[in-house]
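Participant: Chains A and B, in that order, are what the protein sequence lines are.
Under the numbering used here, the first residue of the first sequence carries the number 1, and numbering increases by one thereafter.
Under the numbering used here, the first residue of the second sequence carries the number 1, and numbering increases by one thereafter.
I should point out that these hints are in silico values taken from the structure, not numbers from a laboratory.
Worth double-checking, as some hints may not be accurate.
DEER-style ranges, computed between Cβ atoms [unchecked claim]:
no. : chain 1 : residue 1 : chain 2 : residue 2 : range
1   : B       : Arg421    : A       : Leu166    : 25 to 31 Å
2   : B       : Val392    : A       : Ser139    : 44 to 50 Å
3   : B       : Phe349    : A       : Leu166    : 40 to 46 Å
4   : A       : Gly58     : B       : Val292    : 33 to 39 Å
5   : B       : Glu382    : A       : Gly16     : 51 to 57 Å
Distance condition first, Cα-Cα at most 30 Å in a straight line; then the derived DSBU-like pairs of lysine-lysine [stated by the list, open to error]:
no. : chain 1 : residue 1 : chain 2 : residue 2
6   : A       : Lys111    : A       : Lys181
7   : A       : Lys72     : A       : Lys3
8   : A       : Lys111    : B       : Lys92
9   : A       : Lys111    : B       : Lys284
10  : A       : Lys157    : A       : Lys185
11  : A       : Lys181    : A       : Lys157
Where is the CB? At the ideal position from N, CA and C, for every residue including glycine.
Residue strings, one per chain:
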Amino acid sequence: MSKPILEFKDVDVFYGPIQALKKVNLHINEGETVSLIGANGAGKSTLLMSIFGQPRAGGGSIVYNGIDITQKSSHFVASNGIAQSPEGRRVFPDMSVEENLLMGTIPIGAKHADEDMQRMFELFPRLLERRNQRAMTMSGGEQQMLAIARALMSRPKLLLLDEPSLGLAPIVVKHIFATLKELAKTGMTIFLVEQNANHALRLSDRGYVMVNGEIRMTGTGQELLGNEEVRNAYLGGH
Amino acid sequence: MSASNSIDIKRCLIDTVLAGLISLIVFGPIVGIVLQGYSFDLHPQRLAILVGIVMAGRFCLSLFLQTAYGRKLAHSMQSKDSGVHVLPAGHKSALRFVIPVLILLAVCFPFFANKYLLSVVILGLIYVLLGLGLNIVVGLAGLLDLGFVGFYAIGAYGLGLGFEYLGLGFWAMIPLAMILAAFAGALLGFPVLRMHGDYLAIVTLGFGEIIRLVLNNWVSLTNGPNGIPIPGPTLFGLEFGRRAKEEGHIPIHEWLGVSYNPNAELIFTFVVLFIVVMAVLYVKHRLTHMPVGRAWEALREDEIACRAMGLNHVLVKLSAFMIGASIAGLAGVFFATKQGFIDPSSFTFFESALILAIIVLGGLGSTLGVVIAAFVLTVAPELLRSFAEYRVLMFGILMVLMMIWRPRGLVRISRNGYAIRKGVKP
Numbered sequence: 001m002s003k004p005i006l007e008f009k010d011v012d013v014f015y016g017p018i019q020a021l022k023k024v025n026l027h028i029n030e031g032e033t034v035s036l037i038g039a040n041g042a043g044k045s046t047l048l049m050s051i052f053g054q055p056r057a058g059g060g061s062i063v064y065n066g067i068d069i070t071q072k073s074s075h076f077v078a079s080n081g082i083a084q085s086p087e088g089r090r091v092f093p094d095m096s097v098e099e100n101l102l103m104g105t106i107p108i109g110a111k112h113a114d115e116d117m118q119r120m121f122e123l124f125p126r127l128l129e130r131r132n133q134r135a136m137t138m139s140g141g142e143q144q145m146l147a148i149a150r151a152l153m154s155r156p157k158l159l160l161l162d163e164p165s166l167g168l169a170p171i172v173v174k175h176i177f178a179t180l181k182e183l184a185k186t187g188m189t190i191f192l193v194e195q196n197a198n199h200a201l202r203l204s205d206r207g208y209v210m211v212n213g214e215i216r217m218t219g220t221g222q223e224l225l226g227n228e229e230v231r232n233a234y235l236g237g238h
Numbered sequence: 001m002s003a004s005n006s007i008d009i010k011r012c013l014i015d016t017v018l019a020g021l022i023s024l025i026v027f028g029p030i031v032g033i034v035l036q037g038y039s040f041d042l043h044p045q046r047l048a049i050l051v052g053i054v055m056a057g058r059f060c061l062s063l064f065l066q067t068a069y070g071r072k073l074a075h076s077m078q079s080k081d082s083g084v085h086v087l088p089a090g091h092k093s094a095l096r097f098v099i100p101v102l103i104l105l106a107v108c109f110p111f112f113a114n115k116y117l118l119s120v121v122i123l124g125l126i127y128v129l130l131g132l133g134l135n136i137v138v139g140l141a142g143l144l145d146l147g148f149v150g151f152y153a154i155g156a157y158g159l160g161l162g163f164e165y166l167g168l169g170f171w172a173m174i175p176l177a178m179i180l181a182a183f184a185g186a187l188l189g190f191p192v193l194r195m196h197g198d199y200l201a202i203v204t205l206g207f208g209e210i211i212r213l214v215l216n217n218w219v220s221l222t223n224g225p226n227g228i229p230i231p232g233p234t235l236f237g238l239e240f241g242r243r244a245k246e247e248g249h250i251p252i253h254e255w256l257g258v259s260y261n262p263n264a265e266l267i268f269t270f271v272v273l274f275i276v277v278m279a280v281l282y283v284k285h286r287l288t289h290m291p292v293g294r295a296w297e298a299l300r301e302d303e304i305a306c307r308a309m310g311l312n313h314v315l316v317k318l319s320a321f322m323i324g325a326s327i328a329g330l331a332g333v334f335f336a337t338k339q340g341f342i343d344p345s346s347f348t349f350f351e352s353a354l355i356l357a358i359i360v361l362g363g364l365g366s367t368l369g370v371v372i373a374a375f376v377l378t379v380a381p382e383l384l385r386s387f388a389e390y391r392v393l394m395f396g397i398l399m400v401l402m403m404i405w406r407p408r409g410l411v412r413i414s415r416n417g418y419a420i421r422k423g424v425k426p
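In isolation and in its complexed conformation, chain B is listed as follows (with noise of 0.2 Å):
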């Protein structure tokens, strides 16, 4: 570059000129030429239309990218170097002021959202837990899970099941299913452990199709295919429908002796579960800073070196794989109360594959960008059915975007360094 602050037209031109040229060879065949019967009908100003919208776009986006700001910006999308973001020790991240506003616009929601309203951001934020559980397993371990789905289902099946056969309701299940869960991840893990990379992630890809099979063809248990129908919530015995559907059981705007609102289950739901995402926050923020939570990046930086210091990889990825798993069977909980009914059709590897675009998007390891790309992924299409058809191909076009510029997520992974130990003198 001459001269760093003044703008080269000639250049903006060269790449004005090159972005006209691949867009007239993009769209040439498939706008330019319309098929009529056996012959074809040439259509060149419908070209020169589009072409020109990309050339007058590219040079913008070249003039822009040559101002002050635009170069700030363009500097600051590419990744300088590879690897965890290590913040100075001490570093008190800026979130400490935005979670309470977030806070504040959560107990504000209700009030105004409508039931469609609710029913997305009860979606998103089911996969917010989503991703911040496999994001223990694939971005702090290390390990790739496509399987996670699995879980998922084990915990939304398990209310189901357990409401049918042992009568056991929202709340008793909310622990159960984490256990069952982690207990599954246990069983997947201990013989799966010893591999690693590719053949890792085969096996899991594995046991997630497994539970799924066997969810669709255990009739006797399961209703297979059929679905099965999942309680509503209660609180302390209250239900939130019109009319009580068991025995002995009032609805709880009869015992508060106000009139019925339609609401009133998704709004519990949705206050329900976001106190358990700003848990499961919490405490995947304490386990980072925890013995366990450094091994587990230790491992995912050199296994064989983890090992020759002496760390037990067995236990550290298990309980990895664990925590992980009972995190998913929690949101298979709360997926199932919001859907009133599940069938296998639900927990497909699509889902698996949507769960690790949402971490891989966000960014391995990174807690905030989980959650920003988990609503990004699950709300935009909601928000967007008009455009459901374009859906894949948008997530494609984002996902070679984000691999291009900013190839470890929205937010970098990032941790506290230690503080120099004032005990050794320089």
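Here chain A stands alone, though its shape is the one from the complex (with noise of 0.2 Å):
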């Protein structure tokens, strides 16, 4: 098993008195796809900002590929290494697709724009007939796929998805379930933050399970698929 890449150690965070994240642990290896389930509330996009500092972790510690991040600010974050599509897409809406692809290259500078570029439309083909296109205009399928494709742009070593599925139609987060195993396959690592936890753990080499800002459970995607407690709290139970 290789070095886990990002770590928490005891993490806790706070939002005024709420406690939102209670101790918790969990590691990301090089080359894994990790998932974090749960339902509505439980804390999984908290633990995913706490990451680059919003909000800042009130105890306990993250690293990242040996570096203390737990103070950092997101800026230096997001500029060594780790990318973040985030929650509800959030792509530029008055840039076309390819100035949106643009602006993933500003940790790294545009010396691989070119050549990046390429390889997200070959990932992408649909961004490839949209490339012109203003960002706004294009369907919530295809501004998610921008927005992972827009993080990808800077050559990261580890990139975090905040529910990529979010208000999509069911054959469109297939598509795009498809086009993250392919990636994983490339060697890149993902952090997958998911309601949809079939689609999430079939994917994934580990997941996690959080309820009420705690990790309930950990186990290898498989396991947690075969889980009854999982089967019936996020999978319908049947």
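Grab the two chains, each in its own frame, and use the hints to assemble them into the complex.
Facilitator: This is how it looks when you write it as structure tokens:
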């Protein structure tokens, strides 16, 4: 087993008097696909955002590649190899697909832009069709593809995805997860935060289940898929 | 619409009757009834004339809008989609031809302008500067700043106090006022840039008022509400007055050996101000094409996405704040020079609101629109002196009409798109 690229050690996060994360321990190894599943309000997005210090962890430490990033500013984290496709996609509505992709190169500069853009168009052929179209005129699925592609443009070591299936038709979700699988095969480390447990666990090497700010269960994707409790709570019980 | 080219008289008549009814309701109580002590007189014929005018006007407007030209005009008035207008890559604006004409006009202007016209145009140019400065903060970076007048005051008082205590003149204060105002912008910026939207607006509003109140109440330094005199501008130590005010200085007309021209000082201010406005326009044009300008616009579109991309949002916002503030400081120096005397009552919240109105009318983020709007909102009230009482009313009507027909301002914000990257095969 390879060494962890990102590690949460006893992380506590508070929103005022409310504790959103309680002593969370979690690690992601290099080259792995790890998913975090849980219900609404379990603290999944909070955990993801705490990597960027939004909100900052109140206790414990977050270690990335041997560096303690608990107190680092969000742009520092983002420009050091962690790329994120934020919840709700958040593409730049007035920019074209290409301009959005170029925004993704901010941390590393535009020197690999041509080559990487070509790669993104191969990964998501739909974006090639829309390359000069403004992002706000595209469908939700296309915007999600764009958000993922934009995150990949910075050649990240770790890709964070916050609910890529949010508000998308099942067939589009299927398509996006197929692309993610392809991406994982190339050796990309992916941390996936999802409510759609079925898709997420099938894709992942390992998974964590979060309930009320605590990691309740952990195991390989297959184990969790077969687990009775997980099936009842997140997979509709059948 | 049944036939696209024919004129639908029925619709015109319906529009006319509706407009007549509305004007009857609006004007009826105001014009038709005149109080006479405890009773009142009815004036139906006055009312009828007004309603008649409105109905005739509405009928003509309806007819006009159904002609081919009118339809085209109405279509262009409706903003089709939201946000920034993206021009094709490498698009060259028609302004290339307009700017030389403007420069030519500016060169000729002092020869035929009288003192009054000169001072009106100088005021217009000062508001152009203020509009451009605030446009960087609000239009490009998307930070609503209601205390912009604070930086303007810092520039103006910088000149006044700098002269009084340090003996600094017009030329020395131009860069110093910019630095001073930028520093004040940074000072304000650091604590408040964590806030968004409404909260930021309120804090900046407070900041503007604080500056004004300090100037008003720190009597020992600023002379409080009594104001301070401002020295006239000089050119290489030459003064523009009839007689030199300072020991060792000589007036410019004596040095040149020409007769005294009472407009010389205003002409000089106009020339320098015009050059400065042109320089600021150029700087702004370049800034929007630089990474920092792109970063401002991206930040305005989506801050969270920008931070996820690793953009240092604090630095980007702060740069917008500081550059905007320094332009306001520059405008302040010119304002003080033009007035010859400043007091805190020139820097009330109404000024901030006026500058904001300029950029909203002109179009948030659009340079050309702001220049036009600045002139419309400052020069028009001067030229319409006889309607002075109705100025605020007209202002309100203008605002309402703009928000209905041109919610994005006179000239919409636009930018050049990126060319398709050649390295990427289709």
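Participant: Compare the structure with each hint and give your call.
Facilitator: Here's how the hints hold up against the structure:
| no. | hint | result |
| --- | --- | --- |
| 1 | B/Arg421 x A/Leu166: 25 to 31 Å | holds (30 Å) |
| 2 | B/Val392 x A/Ser139: 44 to 50 Å | holds (47 Å) |
| 3 | B/Phe349 x A/Leu166: 40 to 46 Å | holds (43 Å) |
| 4 | A/Gly58 x B/Val292: 33 to 39 Å | holds (34 Å) |
| 5 | B/Glu382 x A/Gly16: 51 to 57 Å | holds (54 Å) |
| 6 | A/Lys111 x A/Lys181 | holds (27 Å) |
| 7 | A/Lys72 x A/Lys3 | holds (22 Å) |
| 8 | A/Lys111 x B/Lys92 | holds (27 Å) |
| 9 | A/Lys111 x B/Lys284 | holds (27 Å) |
| 10 | A/Lys157 x A/Lys185 | holds (14 Å) |
| 11 | A/Lys181 x A/Lys157 | holds (16 Å) |
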